[in-house]
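**Student:** Model the full structure from these sequences, guided by the hints.
Number of protein chains: 2
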Amino acid sequence: MAESPITPRAQDFAAWYQDVVLQGDLAEPAEIVKGCMVIKPNGYAVWELLQRELDQRFKATGHQNVYFPLLIPQSFMQREAEHVEGFSPELAVVTIAGGKELDEPYVIRPTSETIIGHFFARWIQSWRDLPMLVNQWANVMRWELRTRMFLRTTEFLWQEGHTAHSSHEEALEEVLRMLNVYAEVAEDVMAIPVIKGAKTQSEKFAGALRTFSIEAMMQNGLALQAGTSHDLGQNFGKAFDVRFQNKQGQLEYVWQTSWGVSTRLIGGLVMTHSDDKGLVLPPRIAPVKAVLVPIYRKDEERANVLETGARIAAEVGAKLDDREGQTPGAKFFHWERRGVPIVLELGPRDLASGNIVIKRRDTAAKQSVSQSALAAALPAALDSMQKDLFDAARRRLDNNTVLANSLAEVESILADVTAEKGGGKFVMAHLKDDPACDARLKEFKATVRCVPLLDKFDGGGKCVVTGEPVERRVVIAKAY
Amino acid sequence: MAESPITPRAQDFAAWYQDVVLQGDLAEPAEIVKGCMVIKPNGYAVWELLQRELDQRFKATGHQNVYFPLLIPQSFMQREAEHVEGFSPELAVVTIAGGKELDEPYVIRPTSETIIGHFFARWIQSWRDLPMLVNQWANVMRWELRTRMFLRTTEFLWQEGHTAHSSHEEALEEVLRMLNVYAEVAEDVMAIPVIKGAKTQSEKFAGALRTFSIEAMMQNGLALQAGTSHDLGQNFGKAFDVRFQNKQGQLEYVWQTSWGVSTRLIGGLVMTHSDDKGLVLPPRIAPVKAVLVPIYRKDEERANVLETGARIAAEVGAKLDDREGQTPGAKFFHWERRGVPIVLELGPRDLASGNIVIKRRDTAAKQSVSQSALAAALPAALDSMQKDLFDAARRRLDNNTVLANSLAEVESILADVTAEKGGGKFVMAHLKDDPACDARLKEFKATVRCVPLLDKFDGGGKCVVTGEPVERRVVIAKAY
Numbered sequence: 090m091a092e093s094p095i096t097p098r099a100q101d102f103a104a105w106y107q108d109v110v111l112q113g114d115l116a117e118p119a120e121i122v123k124g125c126m127v128i129k130p131n132g133y134a135v136w137e138l139l140q141r142e143l144d145q146r147f148k149a150t151g152h153q154n155v156y157f158p159l160l161i162p163q164s165f166m167q168r169e170a171e172h173v174e175g176f177s178p179e180l181a182v183v184t185i186a187g188g189k190e191l192d193e194p195y196v197i198r199p200t201s202e203t204i205i206g207h208f209f210a211r212w213i214q215s216w217r218d219l220p221m222l223v224n225q226w227a228n229v230m231r232w233e234l235r236t237r238m239f240l241r242t243t244e245f246l247w248q249e250g251h252t253a254h255s256s257h258e259e260a261l262e263e264v265l266r267m268l269n270v271y272a273e274v275a276e277d278v279m280a281i282p283v284i285k286g287a288k289t290q291s292e293k294f295a296g297a298l299r300t301f302s303i304e305a306m307m308q309n310g311l312a313l314q315a316g317t318s319h320d321l322g323q324n325f326g327k328a329f330d331v332r333f334q335n336k337q338g339q340l341e342y343v344w345q346t347s348w349g350v351s352t353r354l355i356g357g358l359v360m361t362h363s364d365d366k367g368l369v370l371p372p373r374i375a376p377v378k379a380v381l382v383p384i385y386r387k388d389e390e391r392a393n394v395l396e397t398g399a400r401i402a403a404e405v406g407a408k409l410d411d412r413e414g415q416t417p418g419a420k421f422f423h424w425e426r427r428g429v430p431i432v433l434e435l436g437p438r439d440l441a442s443g444n445i446v447i448k449r450r451d452t453a454a455k456q457s458v459s460q461s462a463l464a465a466a467l468p469a470a471l472d473s474m475q476k477d478l479f480d481a482a483r484r485r486l487d488n489n490t491v492l493a494n495s496l497a498e499v500e501s502i503l504a505d506v507t508a509e510k511g512g513g514k515f516v517m518a519h520l521k522d523d524p525a526c527d528a529r530l531k532e533f534k535a536t537v538r539c540v541p542l543l544d545k546f547d548g549g550g551k552c553v554v555t556g557e558p559v560e561r562r563v564v565i566a567k568a569y
Numbered sequence: 090m091a092e093s094p095i096t097p098r099a100q101d102f103a104a105w106y107q108d109v110v111l112q113g114d115l116a117e118p119a120e121i122v123k124g125c126m127v128i129k130p131n132g133y134a135v136w137e138l139l140q141r142e143l144d145q146r147f148k149a150t151g152h153q154n155v156y157f158p159l160l161i162p163q164s165f166m167q168r169e170a171e172h173v174e175g176f177s178p179e180l181a182v183v184t185i186a187g188g189k190e191l192d193e194p195y196v197i198r199p200t201s202e203t204i205i206g207h208f209f210a211r212w213i214q215s216w217r218d219l220p221m222l223v224n225q226w227a228n229v230m231r232w233e234l235r236t237r238m239f240l241r242t243t244e245f246l247w248q249e250g251h252t253a254h255s256s257h258e259e260a261l262e263e264v265l266r267m268l269n270v271y272a273e274v275a276e277d278v279m280a281i282p283v284i285k286g287a288k289t290q291s292e293k294f295a296g297a298l299r300t301f302s303i304e305a306m307m308q309n310g311l312a313l314q315a316g317t318s319h320d321l322g323q324n325f326g327k328a329f330d331v332r333f334q335n336k337q338g339q340l341e342y343v344w345q346t347s348w349g350v351s352t353r354l355i356g357g358l359v360m361t362h363s364d365d366k367g368l369v370l371p372p373r374i375a376p377v378k379a380v381l382v383p384i385y386r387k388d389e390e391r392a393n394v395l396e397t398g399a400r401i402a403a404e405v406g407a408k409l410d411d412r413e414g415q416t417p418g419a420k421f422f423h424w425e426r427r428g429v430p431i432v433l434e435l436g437p438r439d440l441a442s443g444n445i446v447i448k449r450r451d452t453a454a455k456q457s458v459s460q461s462a463l464a465a466a467l468p469a470a471l472d473s474m475q476k477d478l479f480d481a482a483r484r485r486l487d488n489n490t491v492l493a494n495s496l497a498e499v500e501s502i503l504a505d506v507t508a509e510k511g512g513g514k515f516v517m518a519h520l521k522d523d524p525a526c527d528a529r530l531k532e533f534k535a536t537v538r539c540v541p542l543l544d545k546f547d548g549g550g551k552c553v554v555t556g557e558p559v560e561r562r563v564v565i566a567k568a569y
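If you're matching them up, the sequences are chains A and B in order.
For the first sequence, this note's numbering gives the first residue as 90, with consecutive numbering after it.
For the second sequence, this note's numbering gives the first residue as 90, with consecutive numbering after it.
Worth flagging that the hints you see were computed from the coordinates, not collected in a lab.
In this text the structure is predicted, and so the values were computed from the model without any measurement.
Please note that the accuracy of each hint is not assured.
When chains are identical, the list treats them as one kind, so a pair holds in a single copy or across two.
Calculated lysine to aspartate or glutamate pairs in the EDC-like style (CA-CA distance at most 20 Å, straight line) [said to hold, decoys possible]:
#1 189 with 174
#2 189 with 179
#3 189 with 233
#4 189 with 120
#5 420 with 218
#6 148 with 114
#7 148 with 137
#8 534 with 404
#9 448 with 364
#10 148 with 411
#11 148 with 233
#12 378 with 114
#13 336 with 413
#14 545 with 142
**Tutor:** Printed below as a string of C-alpha cells:
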C-alpha cells in the first residue's frame, strides 16, 4: 500500500478515518467480499494485545474458553421470538455443502446464544453445575448494508461470553461484573473514557431482558457503543429447555447472560486518539512502544551511531530501525503513521553529548535526556502519554456533554451533526423508556445511547416527549 | 457430562479414543451440525498452549499475523485447476445473505490460498516488497463424509502461513524452515516423534508443486499427518497474477508457500500418550501441570492439611483442589482423566513427617519427598515425564517400522490393520513416485505417507510395483 496524504479531520472526518486505518497498516477493505476487510499486521497486533488484556480478566473472573460450531441450524434461530426477528434480516445462509442441497440450511453464527443454549441443556442438570461460565473467541457474520472498516463489517472478530446461573440476582451481578471489565479495559488500557449504562427497551439485544453497554465519544462527537453485556433472563433457557434441579429438588430454568466486545474497539481507538498525521496509539495498546531511529550523514558516523543505537535499543526494549536505503525523515514518517508512541532519535551530536532525544507521538514534544537516564525516562514518558491521552479524551467527553430540557432543544443541538462534519454532543435529557419516545429521536437520526448507571446530573424530571416523570436523564446522541 | 467407563485400547481403539476425548473434557460431538464438535475447556486450553508455542516461533522467524475474510467468491476457487478439483467436493456454499439470493455465491474457506493470492497481487509490486510473510489463525470448513473429533471435523481451527518470495530457492528454504518448526513443536513440546518427508505427487496439496509433511505414529500403529508445508511454485502467482519487478526491472511471478497445522494435533496428542485410564498430557502442553489434593478424614485434621497444602501449592505453582464434598479418591480420578501430569498428595502423616507424595500420571509411580525439596523435585519430575513420554513414543515408532521388499510383503504386513484393532506398522519399501503406484496401495487401504528427508535405511532399490530403480524407501501405512 503506497503512502498517500491523510484527509484532515476538519475537512471530512469519515475520509480521515479511512485514511488513518489504511496508512496505519490496520486494515483495508476487501471489496470482493461484501462489507469485509483484511486486518493487516499492525491492526492484528493491536487486536492480539486487546485479546490478552481481556482474556486474562475473563480467566481471573472464573471463565473458561471453549469453541462452538460456526454453523447453526436455521431452525435454532427461530426458537426465541425476538431473537429471530432481530437477526433474520442479517443472516448469511449455507444451503449447499459437499455438493448437495442441504435438507435444513445452516446460518453462519451472528452470535451464539442459540447453539450454546442447546449445549447448556445437555451440560446442566443440577445447581451443582452452576454457575457455568464460558467464553469463546470467534468470527461472526451479520449482513449489514452500510459498512465501515472495524466499526461495522459483515464479518468481524469478537469474544462472546455466555453464562448460566441459578438466580436472576447472580446473573445480574455477572452482567455488571463484565460491564466493569469492559470499562476497565477501555479506560485503563485503551485510554477511552466510557459511560456505563442500560439500553432502552427498543435498543436492547434481540432476546435479552435488558442490555447494558459502555458508550464512548469519538472526536467528531458521535457515540460508539463499545461493548455490551446482556441480562438474558430465562428467555433462552425456555427456548432451549435449559433446566436445573435446585437445592429444594425442583426444576427451574437457568438465568443466562451474554457479553461481547469486538474488533469494533479498534475503530473506537482510532477515532479517539488519532490526529491529522495519522494513527496515535496509547502506549498500553501499542504493539511497538518505542522505535530508535539512528541518524547519520557520513559513512564514518554510521558505525558509531548504529552500534550505540543497537545497545541502547536492546537495553530499553525499543525496536531499532536500521533499515538501509531509507532516510531518517522517511523512517519518522513511517512510524508516525503507524502510531508508535515514542521515537528515540540518536545522531552524532547525541553521541558526543551522551544524550538521546525522546519524541512523543501525540504532542510531538522532544526531550533530550542523558543516555544513562533513558531506562527510567522512557517508561515515564510512556506513562505520561497514556495518562494525557485519557485526560484529553475525558475532557472532550465532558466538554461535549450538554443538558437539554425539551425535544426541540435536543433536535437543535444535534441538527447539523454528521459523521463527516462532526460537532456531535452527548445530550442529557429526560426521556421515558418507551419505544414511542425512542422513535421520536429517529426523526433527527439520534438514539438513546444509554441510561447511565451513575447519575452525574440532577436526577428526575419530565420526559421531553410525554411530559411524564422519569428518574434520570438519558444520553442522546448520533452514533456509529 | 457424567463420568463413565473408558473402553480399553485392546478392545476397541476407536471407542477408547472417543471415550478419552469425552472424559478428558477435551471435546464432544455436535451432532446438530454435521461433523462438527464443541471444543471444551480442557481441549481449548491445550489449543491455547499450542498456539502460543507455534505463534512465538512464527514471529521469531519473521512472520506477521493478519486476518482475511471467511468467505471466498466461488469463482476464485476455479482459477487454479488442481485446487478447484481437490476442494470442490468439500465446499460449504453461502447462496443467501441479507434475505436475498446472491448473484455470485461465496464458499466458506477450506483454505485461503485463493483469497490471499488476490491480496498479494495488490500488495506486491517490487522485489522490495518481498519476502511477504504472513500467517492467520482461523476456522476453516471442509465437508467431510467420515469425521472423528479433532482428527477430521467439517469445521476445524488452524493456522495457515502464506508467503511470497522472489526465487524458488528462497521459497523452498521457507517450506523446510516451517516444516522444522512443526517438527520441533511436535517433538519438544508435544513429545510426539515425527518423520519429516515429501508427499508423493498423488498425495500432495491440490495446487502445490510439492508438499512436505510431518508424520506421526499413533498407538495403534496408524499414521497421522500432523502438519504440512507446501511449495506452491508459481501456480497461485499465475492464477492471481501476483507479479513483482525484479532487480533487473523485469516482471516475474512470485514463488509462494503455505503451511498449516490444526486442532488435529490434539487428536495426535491423545493417541500418542493416553492410556486405559484416560488422557495423559506431556507436561509442556498441560494446562495444569500439578494439582495438590489434600487428604483428611477427621475435622481436626482438615484445617492443618488445607493450610499447609495451600502454602505448598502456592510455592510450587500447583493448583489446590480444595473442593468440599468430594473424596480424595474422586479427586484423583477427576484429574487422572483430565491428564494432569502430577498429583501431589498431602495427608496427616505427611504433615507429621514433613513430606509430600508426588504421583506421576503416566507411570502411577509415587515418590515421597520432603516438603522443602518439592520446589526442586516437582520440575524434575515434570522434565522426566516429558522425556519418558517422548522416549516411549520414539521406541514405539522404531519398533513398528519394518522393511518390505515386495508388494505382497507390504500387503501382508498391513492386512489386518484397522483403526479399531491396531497392529499398524510403518512399512519402508521402494516405490516409484507415480500415481499408478500409489493407486496399487489403495487396494489394501494404505497410502504413501512420505518420502523421508532423512534416509535411515539402505538407499536405492527397485520399485515394488514397477521394478524401476528408485532412490530411497518410502513410508507406507494405513492412516487417519
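**Student:** Each hint should be assessed against the structure and marked as holding or not.
**Tutor:** Now for the hints, and whether the structure bears them out:
no. : hint         : result
1   : 189 with 174 : between (29 Å within a copy, 16 Å between copies)
2   : 189 with 179 : between (24 Å within a copy, 10 Å between copies)
3   : 189 with 233 : between (28 Å within a copy, 12 Å between copies)
4   : 189 with 120 : between (28 Å within a copy, 18 Å between copies)
5   : 420 with 218 : between (56 Å within a copy, 16 Å between copies)
6   : 148 with 114 : between (31 Å within a copy, 18 Å between copies)
7   : 148 with 137 : both (16 Å within a copy, 13 Å between copies)
8   : 534 with 404 : neither (53 Å within a copy, 59 Å between copies)
9   : 448 with 364 : within (16 Å within a copy, 59 Å between copies)
10  : 148 with 411 : between (39 Å within a copy, 19 Å between copies)
11  : 148 with 233 : neither (32 Å within a copy, 34 Å between copies)
12  : 378 with 114 : within (16 Å within a copy, 39 Å between copies)
13  : 336 with 413 : between (71 Å within a copy, 16 Å between copies)
14  : 545 with 142 : neither (29 Å within a copy, 48 Å between copies)
Hint compliance for this structure: hints 8, 11, 14 are broken, all remaining hints hold.
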